[in-house]
Structure formats: structure tokens, C-alpha cells
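Chain by chain, the residues run as shown.
Number of protein chains: 2
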Amino acid sequence: MENEKLHNIRHSLAHLLASAVLEKYPHAKLAIGPVIETGFYYDFDFSGGPTPNADDLKDLEKRIKHLVKQTLDFSGNEVSVSEAKEIFKEAPYKLELIEEFSGDGKKLTTYTVGKFLDLCRGGHVDNTKEINADAFKLDKLAGAYWRGDEKNKMLTRIYGLAFENKESLDAHLKQKEEAQKRDHRRLGKELDLFTFSELIGPGLPLFTPKGTAMRDAIIEKIQSIQKNFGYQKVTIPHITKKDLYEKSGHWTKFGEELFKVKGASNTEFVMKPMNCPHHTQIFASKQRSYKDLPIRYAETTMVYRDEQAGELLGLSRVRSISQDDGHVFCAVEQIEQEINNVVSVIEQFYTALCMFNEGDFWVRVSARDKKEKEKYLGKEENWNRAEDILEDIVKKKGLPYKKVDGEAAFYGPKLDFMFKDAIGREWQLATAQLDFVMPERFGLEFTNEKGEKEAPVMIHRAIAGSLERFLSVIIEHFGGAFPVWLSPVQVKVISIAEAHKEYAKDVFEKLRDIDIRVELDDSDESLGKKIRQGKLEKVPYMLVLGGEELEQKKVMVESRDEGKIGQKTLEEFIELIKSKN
Amino acid sequence: MENEKLHNIRHSLAHLLASAVLEKYPHAKLAIGPVIETGFYYDFDFSGGPTPNADDLKDLEKRIKHLVKQTLDFSGNEVSVSEAKEIFKEAPYKLELIEEFSGDGKKLTTYTVGKFLDLCRGGHVDNTKEINADAFKLDKLAGAYWRGDEKNKMLTRIYGLAFENKESLDAHLKQKEEAQKRDHRRLGKELDLFTFSELIGPGLPLFTPKGTAMRDAIIEKIQSIQKNFGYQKVTIPHITKKDLYEKSGHWTKFGEELFKVKGASNTEFVMKPMNCPHHTQIFASKQRSYKDLPIRYAETTMVYRDEQAGELLGLSRVRSISQDDGHVFCAVEQIEQEINNVVSVIEQFYTALCMFNEGDFWVRVSARDKKEKEKYLGKEENWNRAEDILEDIVKKKGLPYKKVDGEAAFYGPKLDFMFKDAIGREWQLATAQLDFVMPERFGLEFTNEKGEKEAPVMIHRAIAGSLERFLSVIIEHFGGAFPVWLSPVQVKVISIAEAHKEYAKDVFEKLRDIDIRVELDDSDESLGKKIRQGKLEKVPYMLVLGGEELEQKKVMVESRDEGKIGQKTLEEFIELIKSKN
Chain A
132 MENEKLHNIR HSLAHLLASA VLEKYPHAKL AIGPVIETGF YYDFDFSGGP TPNADDLKDL
192 EKRIKHLVKQ TLDFSGNEVS VSEAKEIFKE APYKLELIEE FSGDGKKLTT YTVGKFLDLC
252 RGGHVDNTKE INADAFKLDK LAGAYWRGDE KNKMLTRIYG LAFENKESLD AHLKQKEEAQ
312 KRDHRRLGKE LDLFTFSELI GPGLPLFTPK GTAMRDAIIE KIQSIQKNFG YQKVTIPHIT
372 KKDLYEKSGH WTKFGEELFK VKGASNTEFV MKPMNCPHHT QIFASKQRSY KDLPIRYAET
432 TMVYRDEQAG ELLGLSRVRS ISQDDGHVFC AVEQIEQEIN NVVSVIEQFY TALCMFNEGD
492 FWVRVSARDK KEKEKYLGKE ENWNRAEDIL EDIVKKKGLP YKKVDGEAAF YGPKLDFMFK
552 DAIGREWQLA TAQLDFVMPE RFGLEFTNEK GEKEAPVMIH RAIAGSLERF LSVIIEHFGG
612 AFPVWLSPVQ VKVISIAEAH KEYAKDVFEK LRDIDIRVEL DDSDESLGKK IRQGKLEKVP
672 YMLVLGGEEL EQKKVMVESR DEGKIGQKTL EEFIELIKSK N
Chain B
132 MENEKLHNIR HSLAHLLASA VLEKYPHAKL AIGPVIETGF YYDFDFSGGP TPNADDLKDL
192 EKRIKHLVKQ TLDFSGNEVS VSEAKEIFKE APYKLELIEE FSGDGKKLTT YTVGKFLDLC
252 RGGHVDNTKE INADAFKLDK LAGAYWRGDE KNKMLTRIYG LAFENKESLD AHLKQKEEAQ
312 KRDHRRLGKE LDLFTFSELI GPGLPLFTPK GTAMRDAIIE KIQSIQKNFG YQKVTIPHIT
372 KKDLYEKSGH WTKFGEELFK VKGASNTEFV MKPMNCPHHT QIFASKQRSY KDLPIRYAET
432 TMVYRDEQAG ELLGLSRVRS ISQDDGHVFC AVEQIEQEIN NVVSVIEQFY TALCMFNEGD
492 FWVRVSARDK KEKEKYLGKE ENWNRAEDIL EDIVKKKGLP YKKVDGEAAF YGPKLDFMFK
552 DAIGREWQLA TAQLDFVMPE RFGLEFTNEK GEKEAPVMIH RAIAGSLERF LSVIIEHFGG
612 AFPVWLSPVQ VKVISIAEAH KEYAKDVFEK LRDIDIRVEL DDSDESLGKK IRQGKLEKVP
672 YMLVLGGEEL EQKKVMVESR DEGKIGQKTL EEFIELIKSK N
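Chains as they are written, first to last, in my numbering: chain A, 132 to 712; chain B, 132 to 712.
FYI, nobody ran anything at the bench for these hints, they're computed from the structure.
Be aware that a few hints might be false.
Copies of the same chain look alike in the list, so a pair counts if it works inside one copy or between any two.
To be verified - Only pairs whose alpha carbons sit at most 25 Å apart, straight line, appear in this in silico BS3-like list of lysine-lysine:
| no. | residue 1 | residue 2 |
| --- | --- | --- |
| 1 | K422 | K636 |
| 2 | K669 | K417 |
| 3 | K709 | K352 |
| 4 | K641 | K422 |
If we strip away everything but chain A, and leave its shape as in the complex, we get (with noise of 0.2 Å):
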């Protein structure tokens, strides 16, 4: 298998990587160097003598070549927990794990690579002459806590890449080169979409108006989709009692994770994680009979999960998390029409983002492993027939798809669909999840065509997912440059000179009448610099007017992505725009 020949090349270099440190760095101790997505790291304690800078990286990336070209084979042995506690006797973190490993009468393994010796699993190369020397680098420096706990020392971490040949670790170098000058973290700050503070707290940001701008965009292109296929808005509030958890079952499964809420009352409250609980409590109260279904329930709301400090990234890992949730009470006849309806609005979606053409996405179905049944609820016809139903809409509507076993939900299967961005990484953003367990455990139901109670069938769907990670992801995907529909300024209005501020003024208010997300730039900064300005935040319309303009009541348009395209009346312009959205 070739990622278990690439993950012994990563696991044989952090080997090398501990052996270089030891040699260059002999005070150092050593405590774990596992494989990672990328390549891999280890962790070392440099306290008692000195510590590595960046600068160093270079040397030690050289002491590792040199390691690799001796041809070194990797060899293991056996050996007893006492023989273990011997041989790293002064190794206080590998005394530590060996403490952590031993059960009665287990054997450890060590590793050795040239004079280096370590504990370990294995998943090595058998010799480092498959390591191709010019496919790995030193990436990085940076601290981490023993063990992940911020109780524990703070040990430095060195990062290595490591791919199996040049061509992919230079693919990897100029992907990461243009994901940083996309970083959604900085084009964040310099389009002034979202802030954080450090009296709030990280993981909870605060949306600018642009950034409000772009999140009502995307709530409102779903939302005008959505409503065609019978979608009503609901509100539910942030907190529940512990109650509703316990019923639902996440009480059990989550209750350690969940935000626990108290007040100045003796209720015990929580904030939500999910809103799926919530939404079953409106079907819930009132009787349904089988003519009012299918119910869908569609809702952008907040949903709070706490995260480690140190897991915490941007708008991509965030503690408040944007939900754009909707939720469909169906008979289990109505299954494909509203899978199929799903399917239809995400389409719609990702193709008003020009992110549905044909190699630029697929569709994971994902289903049971039949080879362990007993891990899903729900019977067993009503699983075969959903995922069937699921597999046939994707080949019906003629979409990219792969079946895979082991990926459903314990309550039931689910589409979801990935999405490949500009700069080829995938993400998975939209899904549609049958759900057969959660009606029952509420005890929801409707009187059928035959005047019995039955259960419905649960959808949960997501359009865009979390808005905040969607946001990092299309951020990052467009480079700023967003459709005209999900900009958040639009249009820039500019004028030349004192004499066209009024009517600068004059064609703003008409933009932002008919609620064209329009800003003025009447300053007395000079044309080009305001123009420059205007780029600089990758606006997709400017209208320059000047003496011209204004003598024939006209507007000169200039393009962000088509260039110059020149006088127009203000009618004709807002046709063009108009066309976009």
C-alpha cells in the first residue's frame, strides 16, 4: 500500500531527525516523534543546555542527509519492561510511556538506526536508502506541552515535511505558499471582515458589517433557493435544560464536552451543540397528520462547542458555530423527494459559486459497515432502502459519487459532498443524513393515511455547513475575489473631483435603495489612489465619474474581473449587476 510505505519513510525520518538532534544537541531528551499528514515531528526537552533556533534547522536538515546516505538498515528487538526501564534509565519521558505500556508480562520493542536507539512501535523502512533525501525538509519550530497538557513542560517541537519523491514535496511547498498568501486569517484582517478580541476570547468572533454582509449573502442565496422546495425559517434559543440531552441520548454520549449553563435559579442549563434536538419540540407541538408532511424546518443559528485553546484556528475551528441547519419531518415514502430536493438546492448552491464543475467535487455515499451491523439503530429494511434510495439519486442525476462502507452516521446514512478548492485541497462542506433514531426517542409521530401513529423519518441537511468554516474555505478559495453576489461591497462609487461629489453621492443612494451593497469614496484622496484602494479590497464594480459622467448622466464601469468596460447609464448598469446575482 503506498501510504503505508510513505507513512515508514515519515516514521524512519523523525528517527533520523531524534538521532541528528542527539548528536548536535547531546543534553537534549527525547519524549514522542509520531507521523503526521503532512510528514511528521518530534519533541524534545533542550532545558540544560542550549536550544535550536530556526537557523538550525538547516544544519540538522543536513546531519539527517547525511544519515540517510549511509544506507543505515532499521532493526528491532524485544524486549521485557525492566530490560526497557534499563536501557532509557535516563530518559525520563520514554520512562514515562514504558510506565504507561506495561501490563503484566508485555513486551516492548526498541528501534535502532545507526548508533541511535529508540522505543517504539515500528513502521520503518527497512533501509534509509529508500528515503529519498531531496524529499523532505525541516519545516518548523515550535512549543508544545508534554502530553498535549498545559499542566506539563513546554517541550520544542521540530516539524518535518517528507513526501516520497521531489516533485510531491515541491507540490506540497507551493500549495502551502499560496495558501498562506490566501490565508483567510490575513485577508480576513485586510478586507475587514471579522475581528477577534482578547477580552472576548479566542474562537468567538465578531463579524464586521462586510463580514455580516457576506454571512446574510450566503444565508439569503440559500434561503431564496430552499423556499421553493417548501423550507420555513424557525428561531429556537441558545440553551436548553440538561433534560432535553437526556432524552435525546447526548447527555450520555457528549455530556463532558458540552457548555454547561447556570444562572442565578437552580436549573441546570446547556447550551446547544446541535439544534436538531430543539427543532423535533416545534414538531412536537401539534398534532400531524400525514397531509401536513413533509415537514422542513430550516435555521442559521448559533451552536456552541468548546475546543481546545490550542486547536482554535481563524473562522476555521471556532467555539460559536454558525449553523446553517435544516431539518425535514417525512413519511419514509417521501425519503428520495426530499433527499432528491436536497440534492437540487446544494447543486443550486455551489453553482451560483461556480464550485460544481465536473472534477471540482464528488459524493460520498456513506453507508453501514454491513460487517458490523450491530453498531447502527434503526431496522434493517429501512437501511438497506435508504441507502439504496441515496446511491440511485446521485447515479440518477448522473454526479460523481463513491460508495463508501463505514462512513454513515449509528442513526442512519448520509450524502456528503467534497469539494476540491483553487488550490486542489478538499473539503467537505454539504450533507444529507437520514436519521431513523432520533423521531423515536422524542416520541414524535403522525397520524398515516390509515388513521395509525407512525414515526417519521428525520433529514438533517447543511447547505454550506458551518458559516464560519465555510467562510475560511471560500475566503481561501477565491483569494477575495468573490462572486458578485457574495461580495461584500459590490459597487464602489468614486468621483474625480469636488464638482461630482454630489452626484457620486446622487448614484450611491440609488444603489443603495434597490439594497446594492454600495460604498461611496468621495474623499479628496487623489483618482489613482483611490482606485488603487478599490483594488486593494477587490471590489467588483467601481464607477468612476468625473465632468463626463456627469454631463451626460452617465457611469464609467470598470471591472474587477473584465477590465474596462466604460460609460453606461446608471439603468444599464444595474442590469449588469443585477445579471450576476
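Knowing the structure of chain A, use the given hints to seat chain B on it.
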């Protein structure tokens, strides 16, 4: 003073009630009997003998009337603590009160009327002849914990209504009856606007699609008015580290009452009970110049305040409060213009509700209590100027107003808008408050024209206030028959028979596509029943479609407020309904 006279009447009646109760139920133990807004109550412990039920109130009322007619004097007497203890030795609740009142050498008072003696601070009529025996009524019985503490014994509370004359009592009873008919909790259920769930908890309403449509109509109406004054939407999370409130000063002031939040991480979070501190952090995220001011943020977002379960009431008093919030950051010279704009938004919004008519509202200019200037923060000159500006604005606008000293917030003066509802009750809804304090607490600043740093002034403004409370008021004000723009369902399309279903669906979809809130009733019920249902739901327009309409491609329009309007083309009807928005 009128109020004092009425207070004395009510207080005296509480004594007479206790006297009548002891006549009939000698085993009763007396607790307390204060005056309340519409009369009085008295709490009794009936354990060890019979407890009166609702039917017994008539008899007690008769006994009180009998006492009133005897023209009995109220006479007070000063007693020492030990004398009081002797007098009330068989009255355990009174003994507890005596214990509490007793300081070193303090004197207590007792009051006698007829044969009845009670521990009391005074405030009675001199003689029962001052009481109009036709102007009071025993109202109802309820359970109440001794001292309001649920750890104590549950006592029996008897409520009485009391006024100076029969007309006032009758007017109150009529208003009460009318209010019951309009009760927003009943209408909310009948019109399917909101619901509560036992599992989620009291004070945490869930808004159905129809309730959400009303919320959105309110939010959009305000947004569409205020965007012309430069308000921009922002988005903030519902929690914050407590650091934010330590800085704002709310932690010291309201720490106990705040909802504390605790997750798996170590950070202490708090749910926001207001939005201003969060909004300051968006202002503070960039360097600001005088050219950028005023900056106006608006957001409708839920804040959370814990209320005792017993105080929660439908939407009037909730724990999740959707604030229609706005904050302006401006220079002192801009206050007048900005407050003027807020007043214009209020005027336009309440005009759209037909609530801005002469006699239906007034403005309270809430100023400092000049005798206690030390209670207020901020510069003397700013206060004087700001109070003058506020008064000046309402005067110039010709709005009915009263300047009320002592009603200002500690951080600045304000305008409070008081509205009368359809049955004569008065509600404070909109508000505009100046704030000189918060910007300085957060170190907010902008560069003024001289290049110096200067603190902006903040204006807090709410147009509808809390959406929940606002909805409770207008549901009762309109009795569920809302203006067209606010109606959860604006149009109901009704097919007469099978043959007209397709045409009805077509009309329904055309209206839905242009964002008119429309429902289709193409059920097989009789036409009469369908129309009755629409009337029950108080839908402003019904379009009844039969053979003639289908043939002529017209719609038969029936208006809730104007009766049968007759046949129109769909375009004519759309024009008609749009003119009502």
C-alpha cells in the same frame, strides 16, 4: 396626593380582609398583607382547619362590606419589641417579622380596626367610611411561599382589587376581560406562533414558522428604515470570557445574576446579557478617524438573563431575549443628528404599526436627579448639553413629552417612548440612550480633526426593544389581526373544487415567488369551512378560486378588514397588497 389616598384605601382593605378571614376561619395564621398595583393581597396559613375556596370569596367579600359600613376607626399604637412579642405570641409569622424589625430599642406599631389588631407600619384611612364598598372585589386565590422562598411553607394568598370608585373598578374589570380575550399566550397557540417545551424549559420560547415570519417582518421593517440612516448589521457570539464584563464593570454590578458558562476547557465564559460591550470590540478592532464617524452597528440577537421561574410569563418575561439592538459611536457634535435619526426611525416604524397617533404615545425625557448628581458618571457639561439636546429634539419634532428627573441611566440621559395599546395599557417600547461612560471604560478613541485622540460618545438604541416582549404587546394590541406587512400569513389561496386546484397552486406559487407570505388551502373541505378557518386565522386576504376565476384568469378577493373586494387580476391584487407593505 391621589395615589396616597388610594394606597391607604387598599392597605385598609387588606386589614379588613384579615379581620373577615379570622371571623370565619379562627384557626388561620396571618402572614403579610401589602398593597399592589391594582389592589392588595393577604397571605394566610390555613393549616389545621378548612381552607377557603373560590366560592368562599363571595362570603368574605360580604363580611368586609359589613365591616366597611360600620364606619370603624383605624387607630395606631406604639409598642416595644417585647410588648409586640407578647401581643403576637400565637402568631408565628408575625413573631418572625418582629424578630427581624427589632433593632436596639426600636419601636414597632400596631393598628386596630374594630376588633382586629395587626402589626403594621401604618398608612390607612382614618375611618372605613372613606372606603367605597362598591369599588372593591375579592379577585382570586393563589399559593405563595412564605417570604417568596420555595424552601418555606406554601401559604394561601387572597387577592383583592380596589379602586376609589365603582367606575374605576368596572373599567379595570372590563380591561381585564378584554386582556384575557387577547392574551398573547392563548393567541400564540391558536395562531401557531410560538411554543414552549417541558424538556427545554420555561422562558425559552420556540418560534414556529409563523412566529418566525413575524419576527423577521419586524427585523426587516426596522432594517429597511434604518439602513437609510447608515446602520450596518454586525454579528457577535452569545458568550464571552468574563474579562469583557470585568472591564465594562458589569461583573461587579451584576456578577451574581449572569449566566455562567463552563466547558471542558478551563476558561470561564459568561452568556451576554447585553450586546454593547461586544460591539465596542468591533469598533476597537481598527484605527478610527473623525471621517469614519458616526459608526452605527445594528443587530437583532438573543441575550440571556436568568429570571426566577415564577416570574416567567409567556413572551412577556423570558430568559432568551431577542434584542433589536443598535449602537452609534459618534463625536459629541454629532449627538443631535444621531438622536434625531433614531427618533425618525422610531416614528416611521410605529407609524407602520398605526401606533404613532396623537394621544397614543408620549416621550419621557429621562434626565438626572439634579439633587443627587454624584450618582451619575460623566462630565457636567456633557450632561447639561445632552439633556438639552434630547428635550430640544422632541420639542422641535412637536412630540408630546415630559421631562422626568431621576429617570436617566447612571451613564447618560435618554428618551423613552411610551405607547398606549388598544385597551388602554401603557408600555415603554423604544428608547435612545446616551452613554458617556462605556467608551472610556473600553479606551475607545478616534483621531479628531486636530489629530488628537478623543473618546466617542455611544448611543444605545432599541426600536422594538425585546422582540419577545414586543410581540406579546402587539399580539394583544391587535388581538391577532395584524397589519398586512406583519401578518404571518398575508394571503390564503382557496380552491372551491377539484377542478380549480391546479389554478390555485399556480396562483399560490406566483405569490410565493415574489416573497408574499401565502398559504394554499386546496383541501377537500367545504368552501364554507375553509373560509371560516381563514377568518379564524385572521388572514388579511383570502383569494377564492372557482370556475369563473379560472376561466377569466382572475382572483376573487376577500379582505379581513374591508370585506368582499371582488374579482381582480392577480397583478391588480399584487399591486393592492404591495401598497399595504
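Hints and how they fare:
In this assembly of identical chains, the alpha carbons of K422 and K636 lie at most 25 Å apart only when taken from different copies (16 Å versus 54 Å within one copy). Taking the shortest Cα distances, K669 and K417 sit within 25 Å of each other only across copies (19 Å), while inside one copy they are farther apart (50 Å). Taking CA atoms no more than 25 Å apart as the test, K709 paired with K352 passes in both settings, with 14 Å inside one copy and 23 Å between copies. Proximity of K641 and K422 under a CA criterion of 25 Å is satisfied inter-copy only: 22 Å between copies versus 46 Å inside one chain copy.
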